[in-house]
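Full structure from sequences and hints, please.
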Amino acid sequence: MEVKLEQQFQEKIDQEIRIEPRDWMPEKYRKTLLRQISQHAHSEIVGMLPEGNWITRAPNLRRKVALLAKVQDEAGHGLYLYSAAETLGMSRDEMLEELHSGRAKYSSIFNYPTLTWADMGAIGWLVDGAAIMNQVPLCRASYGPYARAMVRVCKEESFHQRQGYEIMLTLCNGTEAQKAMAQDALNRWWWPSIMMFGPNDDNSPNSAQSMKWKIKRFSNDELRQKFIDVTVPQAELLGLTIPDKDLKWNAEKGHYDFGAINWDEFMNVVAGNGPCNKQRLKARVDAWENGAWVREAAMAHAKKREERKNKQIEAA
Amino acid sequence: MTKQEWPLWEVFIRAKQGLNHKHVGSIHAADVDMAIENARDVYTRRMEGVSIWVVESKYVHANEPSEQDALFEPANDKIYRHPTFYVLPEELNHM
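Protein sequence lines, in the order shown, are assigned to chains A and B.
For the first sequence, position 146 matches number 185 in the numbering used here, and the numbering has no gaps at all.
For the second sequence, position 5 matches number 206 in the numbering used here, and the numbering has no gaps at all.
Treat the hints with care, since some could be wrong.
[Stated by the list, open to error] Lysine-lysine pairs mimicking DSBU-like chemistry, simulated, CA-CA at most 30 Å apart: (1) A:144 - A:343; (2) A:342 - B:259; (3) A:253 - A:265; (4) A:194 - A:265; (5) A:348 - B:259; (6) A:343 - B:259; (7) B:223 - A:253; (8) B:279 - A:194; (9) A:350 - B:223.
[What the hints assert, rightly or not] Far from chain A, some chain B residues (derived; all Cβ distances over 12 Å): (10) 226; (11) 228; (12) 244; (13) 267; (14) 273; (15) 276; (16) 285; (17) 296.
For the record, the hints were derived by calculation from the structure and aren't laboratory data.
Beta carbons are placed, not taken as given, at the ideal position from N, Cα and C, and that holds for glycine.
Laid out in structure tokens, this is it:
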């Protein structure tokens, strides 16, 4: 029975028929999706912190409203994704508990600090750029609620990248010091950004199954290459130098060759030892704990109103 | 952790006058007023709607996906319900 169901399931996937919440699915498919979607949601929520750091110090009102809107979008993206994950049978509180206890991961990029205003430019340009590269194929993921959430996310994400690039452009057309600030931000964010695509294909053991289930459409290395290929000319347009001495156009392949990635650093940050891991997690846990009374009060208020309404109905 | 999670609500948005409300996703909220406001903040940040419906998820009932073939079977063999079933002369053009 199980084998037959699994076969039918795979046939649906092969025919590009989307899987919906109450359809039969292999337990491992459910678990893989739950892990991926909840991690993605956590990344959006934790991702608000590095940029939230600069909202009050944005250089002018135009930059400030844009950054505020971007961070608000990220909250929204987190919420779309949490609701998609909930359709797989885990409650929102359980997911948050996993994040707060450190059992669930989020994208390692958010464990780096935002030291200058130029980091807002570099994050929008590179981090959101890499996220878009990852996310566009997810709009066709085999699980309906995830794919639909990603369509909304992708529509909104393009403003994020453009506002980031515009910040970089403004700095690069400014004083020497401003341009140096932009270069410094690129130097610090480049490698973490290209690590966002995850380990090399040979070291990504779950990728094959995710490709077969059409949760994933392209491999980590394919997406990374694509990102580098589109980003190098963007850096040239800014007049900035990508901090990789091995970066070179390979006419034969039609792609850029690039230097070795420091995977030790990546694994170290994933393991919790990045510059800001503790700070980020603490900010989330504090927000959750300090907000507990608000959540409880809202429930108590709703209950009281409901009771009052019922009494009025009885009296009438 | 809170003792009780805020209830889940399904959100339906009318994109503009003349169109039907369409399911867009869900949100958590303590009561209906908060549900509408949260739905506005989460699903209409770029003027995606002119009207919002929220329904507590527990009130949505659906058919069993595993029995969907049997449920929709009656319509399967009734091709005479489609205009193309009827063979008419070419000269008639657009009927």
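Each hint tested on the structure:
no., hint, verdict
1, A:144 - A:343, "violated (38 Å)"
2, A:342 - B:259, "holds (17 Å)"
3, A:253 - A:265, "holds (19 Å)"
4, A:194 - A:265, "holds (20 Å)"
5, A:348 - B:259, "holds (20 Å)"
6, A:343 - B:259, "holds (20 Å)"
7, B:223 - A:253, "holds (26 Å)"
8, B:279 - A:194, "violated (40 Å)"
9, A:350 - B:223, "violated (34 Å)"
10, 226, "violated (5 Å)"
11, 228, "violated (7 Å)"
12, 244, "violated (8 Å)"
13, 267, "violated (7 Å)"
14, 273, "holds (15 Å)"
15, 276, "holds (19 Å)"
16, 285, "holds (25 Å)"
17, 296, "holds (35 Å)"
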